[in-house]
Amino acid sequence: MTHKFAVGGFEGYLTIGLFEDNVPGEIFIKMSKEGSTLSGLIQGFCRAFSLALQYGLPVPAAVDRFRGMRFEPSGPTSNPDIPEASSILDYVARYIELHYVTD
Numbered sequence: 014m015t016h017k018f019a020v021g022g023f024e025g026y027l028t029i030g031l032f033e034d035n036v037p038g039e040i041f042i043k044m045s046k047e048g049s050t051l052s053g054l055i056q057g058f059c060r061a062f063s064l065a066l067q068y069g070l071p072v073p074a075a076v077d078r079f080r081g082m083r084f085e086p087s088g089p090t091s092n093p094d095i096p097e098a099s100s101i102l103d104y105v106a107r108y109i110e111l112h113y114v115t116d
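Residue numbers (my numbering): 14 to 116.
Bear in mind the hints are in silico, worked out from the structure with no lab data behind them. Since the model is a prediction, treat every value here as computed from it, not as a measurement.
Label pairs and their calculated CB-CB ranges: (1) Pro-89 x Gly-69: 34 to 40 Å; (2) Gln-67 x Lys-43: 16 to 22 Å; (3) Glu-85 x Thr-28: 20 to 26 Å.
For each residue, glycine too, the CB sits at the ideal point set by N, CA and C.
I would like the entire structure built from these sequences, with the hints used as guidance.
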């Protein structure tokens with residue numbers, strides 16, 4: 014599943030790979046400015062987040078670690094379900110929570 018998003022004017026694509034039971038097992042984010050510091054840090058985050066999921070960290074626990082993180086870029090998003098985000102990591106965590114975490 015690939016989702017196009019924007020946070021604070023920065024565009025990207027979030028791809029979520031699922032295990033057979035439809036639980037996220039890996040994520041990839043491609044930012045519009047490939048090779049930038051932001052892009053490199055985001056790729057590192059994706060690798061760590063994916064490894065945590067693959068080694069058994071429950072999705073809600075992974076989401077809790079990153080929801081609410083504050084740093085630039087932040088601000089309005091392209092998603093009406095998440096109108097504001099305090100960072101790209103906050104947006105990704107909230108998107109995953111919205112689509113893959115049930116009460």
